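A.B. asks: Read off the chains here:
Number of protein chains: 2
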Amino acid sequence: MEKYVYKFGNGTADGHSGMKDLLGGKGANLAEMARIGIPLPPGFTITTDVCKLFQQKGRDAIHDMIFDQALDGLHFIQDVMGTDFGSSENPCLLSVRSGAKQSMPGMMDTVLDIGMNDEAVEGLAKLTGKDHFAWDAYRRLIQMYGDVVMKVVDEHGENPYETVLEEQKRKYGKRYDKDLTVDQLKELVQLYKETTEKYAGKPFPQNPKDQIWGAIMAVFESWNTPRAIHYREIHGISNEGGTAVNVQAMVYGNMGDESASGVAFTRNAATGENVFNGEYLIDAQGEDVVAGIRTPLQITLKASRNWAKFAHVSEKERAEDYPSLEEYMPEIFHQLMDIRQLLEEHFRDMQDVEFTIQEGRLWMLQTRTGKRTGSAMLKIARDMREEGLITDEEALLRLDPEKLNELLHPVFEAGALDKATVIANGLPASPGAATGKIVFFQEDVFTYVERKEPVILVRIETSADDLKGMYAANGILTARGGMTSHAAVVARGLGKCCISGAGALTIDYRNKTMTVGDKVYKEGDYISLNGSTGNVYEGKIDTVEPELTGDFEELMSLADSHARMKVRANADTPDAASVARHFGATGIGLCRTEHMFFEGDRIVAMREMILANNEAGREKALKKLLPMQRFDFEGIFRSMKGYPVTIRLLDPPLHEFIPFELEEQTEVAKSLNVPVEEITRKAEQLREVNPMLGHRGCRLGNTFPEITRMQTRAILEAALNISAEGLEVTPEIMVPLVGDYKELKMQREIILNEAKVVFEEKHASIKFSIGTMIEVPRAAITADKIARYADFFSFGTNDLTQMTFGFSRDDMGTFVPEYLKKGLLKESPFNVLDNEGVGYLVKTAVDLGLKTNKELHLGICGEHGGDPSSIEFCDRTGLDYVSCSPFRVPIARLAAAQANLKHSKKELQDA
Amino acid sequence: MEKYVYKFGNGTADGHSGMKDLLGGKGANLAEMARIGIPLPPGFTITTDVCKLFQQKGRDAIHDMIFDQALDGLHFIQDVMGTDFGSSENPCLLSVRSGAKQSMPGMMDTVLDIGMNDEAVEGLAKLTGKDHFAWDAYRRLIQMYGDVVMKVVDEHGENPYETVLEEQKRKYGKRYDKDLTVDQLKELVQLYKETTEKYAGKPFPQNPKDQIWGAIMAVFESWNTPRAIHYREIHGISNEGGTAVNVQAMVYGNMGDESASGVAFTRNAATGENVFNGEYLIDAQGEDVVAGIRTPLQITLKASRNWAKFAHVSEKERAEDYPSLEEYMPEIFHQLMDIRQLLEEHFRDMQDVEFTIQEGRLWMLQTRTGKRTGSAMLKIARDMREEGLITDEEALLRLDPEKLNELLHPVFEAGALDKATVIANGLPASPGAATGKIVFFQEDVFTYVERKEPVILVRIETSADDLKGMYAANGILTARGGMTSHAAVVARGLGKCCISGAGALTIDYRNKTMTVGDKVYKEGDYISLNGSTGNVYEGKIDTVEPELTGDFEELMSLADSHARMKVRANADTPDAASVARHFGATGIGLCRTEHMFFEGDRIVAMREMILANNEAGREKALKKLLPMQRFDFEGIFRSMKGYPVTIRLLDPPLHEFIPFELEEQTEVAKSLNVPVEEITRKAEQLREVNPMLGHRGCRLGNTFPEITRMQTRAILEAALNISAEGLEVTPEIMVPLVGDYKELKMQREIILNEAKVVFEEKHASIKFSIGTMIEVPRAAITADKIARYADFFSFGTNDLTQMTFGFSRDDMGTFVPEYLKKGLLKESPFNVLDNEGVGYLVKTAVDLGLKTNKELHLGICGEHGGDPSSIEFCDRTGLDYVSCSPFRVPIARLAAAQANLKHSKKELQDA
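As they're listed, the protein sequences go chains E and D.
Residues 3 to 913 in our numbering are what the first sequence spells out, letter by letter.
Residues 3 to 913 in our numbering are what the second sequence spells out, letter by letter.
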C-alpha cells in the first residue's frame, strides 16, 4: 500500500529533511528535528502526492484513500501527548497547516485548536483550571474554521467574525481581545456560532473528526486558489508540486507560571560570536515575545545583566522582575543548551529557534538558519570552518554576496534610526549611509566642503557636468531616474551612497528648496540617506565608517582559489583604479574615456572639437586633448601594475558635452569666445529624439576617424611611457556599439594604422589587443563575422538589455514599477540579467564568436557584472571574466567562486 | 590543352551567353551576338581562369601559358578585318577591355588604339587619307597606355598628360582637344613620349606586341587594386571571380561621310510601342551622339518628320541637313531592321543597341536590355506575351515593381523640368510630383485650399497634429527627418508626394519664410516637388495625373494568380481603406488607432484621459472616445467588405498627445478648462529621454487596462453593427510592443473578458482573433512562449530594425549618410530588410512560433512590406501576407508573384 502519511515526534520520524518534494519544506524539517531527538509536538504529514490526487479525484476519493493512515497518525499523537481526540475530559487539540516544497508565505491556509467543541471546552477548562484560556481557544477555532473551511463571508464580502468581535469589545468597553472576561467570551462563542449558521447555512461542526477532515481538505483546496496560482506565477514556482498538510498537536506557553514562549539564536546574529542568546516571556504565547507589549526577558544570565546595566535596572530588581531563563528554569535552560549543540552539529549553521514551555515541559516549534549581519556572516563561516564543522566549499556557498555591502560602505550608528523620520523613499541606487547638508548646485558643494561641512547633493537628475560635485558630496539624492540612471551608475562607481528617483520630492533650483508634501527643506538643512533601502531621513544621523576584518581577507582569498572567472573593475580614473586594486580586481574591464573630458580645460577643448566644422578643426582641438588623456591613461596603467586595462573609445553622443539651457550655453559661448547662436545652433543640430539609438559609439569613430586616432595615440603613448618606467602594461582597446563587422573592421584599421605611426615615431612598440563591446542585438546575432576582427568581446549588457527589451533605462519609472507590481516582470532586467532573452543573445554571441575565433577572450562589463545571479550565468556561459564597479568587486569575487562551485557540483552530478 | 582564349566574330564564336563565369559579362554577350550572326568587330576573350592563375603564378607564367592561343586569336582578327597587326601599311588596331562576371563600372582598366606607333600612324594616315584622325588616335594611345599600363603620375600624384594637353591647347589658343591641328598633334605626341620617359623611366613601347601584352597584364592587375576590392566589398561581389580580358578590333565612325555612329531602341522606351527608333550622327564617334554638341539625326523617316515638325524645320531643310538613316543609308537601315528582329527574337526583350558604320560597313558594338518607363515596361511585357515571345512567368519576372510608382502618382508634364531650377534636395520620401504655394501652418493650409489654391506644406518636422493639413496639401516638404520620419510614413500612406530631410532649408515659422542660401521664399510663393528624386524646384511646374491602363490591370491579375502571399494594406481611415481596395489589397494588415485621436473633439477627450489621475477619470474620458472610434471602425469594416482588418491597440507614448511648447499648452489648457500649469506638469511628467523605448505599446494597455477595454469594445461593437447590416466582418486585434509572453497573456485576458461583456450585452457575438506585433528583439527570441497566446504574428520590422541595430529612425541623418558613403551600410535597413540581423530574428520568431502554435498566421506590417527585395525574404521565410501603404499595394502584389516564381524555380532546381 502506498504510504500517504508520515509521522514525526517522540524522537522518531518516518521522513527526513531530504524529502521536501513529498513532505513539503515544513514537514521534512519537522521530521528531521524529530529524528535527531528534538522534543517537538508530535504530528503527521499528509504528502504532496495526495494533493495531486485531490485535484484529479476529488475529496471523497481522498478521504477513503488516506483514512486509515491518518487515523493511525492521530493515535500516534494521542499516545505521545497522553490526550484523547474528541474527549471532553482530556481533549487532544490539533493544528492543521499547509506546507509546500517552496514557502508561499500568507498564501495558504492554517487552522488551529481543532478538536474543540461545546464539551471539550468545558473539559479543558476543568483540566487546566483556566476557563479564559479554554474559551478563548474555542472562539478562535470557530472563527478560523468558519473563515478557512466554511468560507464564511458577509453580504459585503467581509469576514463577519471580525465585525462581531469588534461589536462585542465596543459593547463592554474593552480595548484588546484578551480583555474580554470568560462570560463575555462565552457570549462571543454563541454569537460566532450564530454567525456561522447564518452565513454558511449550516452549523459549526461539533464532531472533531468532521473538523479535522474539513481542515485538511480546505488546505488541499487552497493550493489552487487564483491568488496562490498568481503568486506561483510571479515567483516562478511550478503548479505541479502541490502542498503537503501537517497535522500537529497544539502546545501552549500561556498556561501559567510554569509555561513560557521564547526565541533564540545559537550564535550572536549581529557579531557572529559563538554565544547562545535569545529572549522569552513567562505565561505567554510566541507572538507576545515579538509583539513588544511586554518587555522580553533574556535567556542567559550574562545577557540579562548586560541588559539591566543598559536599562538602568538594579540587580535586585532584575533578578526578581526580569530573571533570565538560566535562573528561572535552570533545567529547561540546560536542556536548551544541549539542543543548541545538537542543532549546530546537525545543521552545521547558526540556527534561529522558537520554543514553547508548557507547564514545565519544553517543546521546540521550529528551527531554521538564522538571519545575520554581514560581519556575523563572515565570522560564523570562518569560525565554523575552523571548528571543522563545515568545508571550504560550504563556507563559501553559504555566504550571501550582497551582505558584503555592509562591510564596504558606511552604516548609521546602532540605534540611530530609532527616532529618525523618513521623509521620502526612492530607489536604493548605491548602498551605504550618508548624512549632510542639502546642496543643489555643484559650485555650492565646494563652498561647503571647503568649510569642512558634509554635503548631500540634491538634484532632479544628474549629468556628466555634476561629476566633481558628486565626488565631493557625502551622498547623492535625485528626484528622477532609475537604478541605472547617471546618478546611480556614477555613485556606484564612486562607492558613494545614492538614492535615485525619489518621486515625492519637488526640487526648486531657483529658490534652492526641496519640498515634500507641505514641508520645505532649504539649502543647508541636514538630511540623511540610506542608500541600501532608499529611505531619506530628516536631520543629521551619525554614520560609522566600514572596516574590513581579517574574516573578510581570509574568505576573499579562499573565494579566489575556488573561482574560474577573473574579476575586473569598471574604473575611469587612477583613483578608482586604486580602489579596484584594493578590493582585489585583477584588471579593468571598462575604462570610459568620456568621463575624462568633463574637467576644466578638457571640456573646453572637447567643445572646440564639437564646434569645428571640418576635420582640420577637430584635429586641432583633439591635439589639445591628447596630452590630458595620455596623462590619465598613464595614471591608470600605473595603478594596475600590469593587469589588463580595457579602454573604451569615446561612446556618448556629442550633445552630452553641450549644455541644453540657454543660460549655460551663454557661458560656454563666452569661454570659447564664439557667439552664443553658434552654440545654440550646434546643440539644436546635435539634438536627437532617441539619443540612446543615435550618433554615438563607433558611429562617432567611423564618421570622425580623427577621434579614434587621437585616443589610440593617447593610449599607446601612455603605454610606452609606463613601459619605459619599467612597469608592465597590458592595454586593450575596446570599440563600442558595433552592430556590423564592417564597423569594427574599419575601426581596427584606423587603430592599427595609428599604432604603426606611433611606434615608428617612438622607435618602440608594445603589445595591445583590439576588441569590441557586444551591446547591440545585431552584433550578438552576427558575432561570427565580428569575431574575425576582435581579440575580445565584452558584453555591454546595459545597452543590450535596453535594446533587447526595448526599455530605456532612463525612462523606466513610467511603467516598470507597475510591471513589477503586476508580476509582468519578476525583477528589473537591469539588475538581474534576463537569461531567456538577453542571455540568449549573450550565449549566441559566445558560441558564434568562438566558432570563428578560438582565441576570443570573453567578458562582461555591464552592471550585471556585479550581480551574483548574473555572474552565475556568466560562469555557465563560459565567460573569462566579469567587470563591475570597484565597490562590488568583493561581491563579484565571492559570486564567481560560488558560481564555479555550483557549476562543478552540477557537472559532477550530471556525470 | 586547357582553352584560355575564346574567339568571336564573323558569324561564329567559341563561347556563348551562358558562360559569364568564364568569359565575364561582356565577353559572353559578345560571343552570343557573334553566334547569331550579328556583325561585330572580331576579337577574343581571355578567360577569368587566367586572371586567377595570374594572381597565383605571376605574369611570366601567364605569358607562356596563353601565348599561342592569343596569337591564334590575333590572326583571327587580322583575317576577318583584312588588316595586319604591327604593319605600317595596313595596321590592325585593337582595344583591350576588362570584363568581370558582374559589371564594375569605372573600376577597371581599358586601353584603346593598341597597335599604333611611329610607323603605323603614318601608314594609317596614308591608308585612310585622314592625318588628323591617325595622329589623334596615336596621342590617345600614348596617354591611355602611359596611365593604365605604365602607371605614369607626376610629382603631385596627378596625370601629367592632362597637364601637357592643357598647356598645348593654351599655347595655341584652342578650346577643344579636336581643334588641335595635325602639326600641333604631332608636337603633342612628341611631348607625350617625353613625358612617358620622364615619369616612367623608359620609353613608350613601339612594338605593338609589347603594347598588347602590357595592356592585358594591366587589366588582370587592376582586379586587385584597393579601390576595386573596396568596390566589390560594398557591392557584395566576391573577390574570387576574377576578370576576363576582351581584345577586339577597333572600328571608327569618324572616317568621313560614309561613316557614322548611332544608338537605337528596338521598341519605344517611353511608350512601349512596337516601333524601332533611335539617333545617329554622320562622321562621328559614339560619344558624340550623346554629347549634345551636334543635333543627332533620327533613324527612321517617320521619326525624322515628327522631329522636324516639333523643331519647326521645313521638309526640304530636313531632307538635306537632317536626313534619317532610312534615307541616307537605306541598305544599312534595312540591315539594322533585320538585326532588330533577330535581337528581339533571340533576347526576347526590347534592346538598346550601339552601332558604328565605318566607311559604309555596319558594326554592332553592343546590345543590352533597354531601359524604359513604367508604362512602356507594362506595354512591352504585355505585347511580347501576346506575340508569344515570352511566357507569363517571364512577363512577370522582368517587370521592375518600383517602376509601377510612375503609374500611381502624378508626374511633371513632359519637358516641364527642362527650364526648372533645383533649389534644394532632400530624401525621396514619397513618390510623385506636386506643385503648390508654400504654407507653413496647418490652419493656413485650409485657407488656401478653400480658395482652391494648391498648397505645399513646409515644416521643420511634422507631427501627428499636422495630419489634416498633410491630407489637404498637394505635397509635403520637411527640413528634418528620414525616409521613415512621421512626414514620410504618413505621406506614403496618403499616396502624397513628400520630400523629407531637406537639410539646406532654414525654416522660420515666426516670419513664415523658408531660406535656402541667400534666397528667401515666403508663404504663398510657388514651389514644386519631385518626391521620386528628392528635388525641390522653384516656381510652379504643371503636373499630370496618373492613369491606370489595361496593361496594368491585366498584369496585376496575372501577378495575383502566381503569388503565394497575400497583400494587405496599412490603412487607418475608411478613405485609405478604399484606396487600398482599389489597388487590390485583400485586407488591412495594420490599422493604427492613434491617428483617429487627433481630430477635433477627440484630441480633447484624449487629453482629458491623459490628465486624469485615476482609473475613474480615465474611464470617463474614454467613454467619450468610444463612439468616435466605433464609428471609424465601422467605416473601415464597410470598406473592406469582409476582408480581414488588423487593428492595433494604442501604441504611441501619451506625450505625443500633449504639445511641448508653452504657447500651445496654454491653448490646450483653455480648451480643457484647467490651469496651464497642470498641462505643463503633465507634459514634463510624461517627457522621456528615449520615447522609442518608453511607456508605449502594450505597456500602456497593461498599466491602463481601461484603454484596452475601450478599444476592444469599440472594435467589437463596430463589428457587430456592420455584421447586423448583413456584411461580413473579420476583425483581428493586435497587441503592440510585446517583449514577454506575460504581457500578451494579460492583454489577451483583458480583451477576452471585455468581449464576453460586450457579447452578453448585445446578445450577439462575432468571431475575432487576437495577435501581436513582433517588433522587440526579445519577442522574436521568446516567440515560442508568445505564440501560445497569439493567433497571429505581424512583424513590425520598423521598430525591430531600430532595436536590432540600435538605430533611431528619427536620428538617422546624423551618421547614416556617412555610413552609406563609406560602404559601412549598403542601403538603409529601414528601406531594405536586413536579412542577416533583423531577418534572422524574423526567421527565429517564425520557427519558434510555429513550433508551439501550428495555426499561427504570419504577416509583416513594417514599411518593408512594400519593398520588393524584403518581400522576397518574407516569401522565403514562409509569411502568409505582407502589408504596406495603399499606394505600394500594386508593387507588393507584383513582388509577391516574383518572389514565389523565383522560389518555385529554385525549389525545382534544388530537386
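Some hints here could point you the wrong way.
Which copy is meant is left open, because identical chains are indistinguishable; a pair holds if it fits in one copy or across any two.
[To be verified] Quick list of in silico lysine-lysine cross-link-like pairs, DSS-like style, CA-CA up to 30 Å:
| # | residue 1 | residue 2 |
| --- | --- | --- |
| 1 | 787 | 853 |
| 2 | 54 | 764 |
| 3 | 904 | 204 |
| 4 | 828 | 845 |
| 5 | 684 | 421 |
| 6 | 128 | 747 |
| 7 | 828 | 188 |
| 8 | 625 | 824 |
| 9 | 845 | 787 |
| 10 | 747 | 514 |
| 11 | 904 | 769 |
| 12 | 684 | 625 |
| 13 | 787 | 204 |
| 14 | 684 | 828 |
| 15 | 672 | 195 |
| 16 | 311 | 521 |
| 17 | 176 | 188 |
| 18 | 188 | 128 |
Just so you know, the hints here were simulated from the structure itself, not pulled from any lab data.
Note that the structure is a prediction, hence the values are computed from the model and not measured.
A.B. asks: Work down the list of hints and note, for each, if the structure agrees.
C.D. replies: For each hint, the structure was consulted:
| no. | hint | in the structure |
| --- | --- | --- |
| 1 | 787 with 853 | both (10 Å within a copy, 29 Å between copies) |
| 2 | 54 with 764 | neither (77 Å within a copy, 41 Å between copies) |
| 3 | 904 with 204 | neither (55 Å within a copy, 76 Å between copies) |
| 4 | 828 with 845 | both (21 Å within a copy, 28 Å between copies) |
| 5 | 684 with 421 | neither (53 Å within a copy, 37 Å between copies) |
| 6 | 128 with 747 | neither (91 Å within a copy, 59 Å between copies) |
| 7 | 828 with 188 | neither (48 Å within a copy, 88 Å between copies) |
| 8 | 625 with 824 | between (54 Å within a copy, 25 Å between copies) |
| 9 | 845 with 787 | both (16 Å within a copy, 19 Å between copies) |
| 10 | 747 with 514 | neither (50 Å within a copy, 47 Å between copies) |
| 11 | 904 with 769 | neither (36 Å within a copy, 52 Å between copies) |
| 12 | 684 with 625 | within (21 Å within a copy, 46 Å between copies) |
| 13 | 787 with 204 | neither (75 Å within a copy, 46 Å between copies) |
| 14 | 684 with 828 | between (42 Å within a copy, 29 Å between copies) |
| 15 | 672 with 195 | neither (85 Å within a copy, 62 Å between copies) |
| 16 | 311 with 521 | neither (40 Å within a copy, 91 Å between copies) |
| 17 | 176 with 188 | within (15 Å within a copy, 129 Å between copies) |
| 18 | 188 with 128 | within (15 Å within a copy, 141 Å between copies) |
Hints 2, 3, 5, 6, 7, 10, 11, 13, 15, 16 from the earlier list are contradicted by this structure; the remaining hints agree with it.
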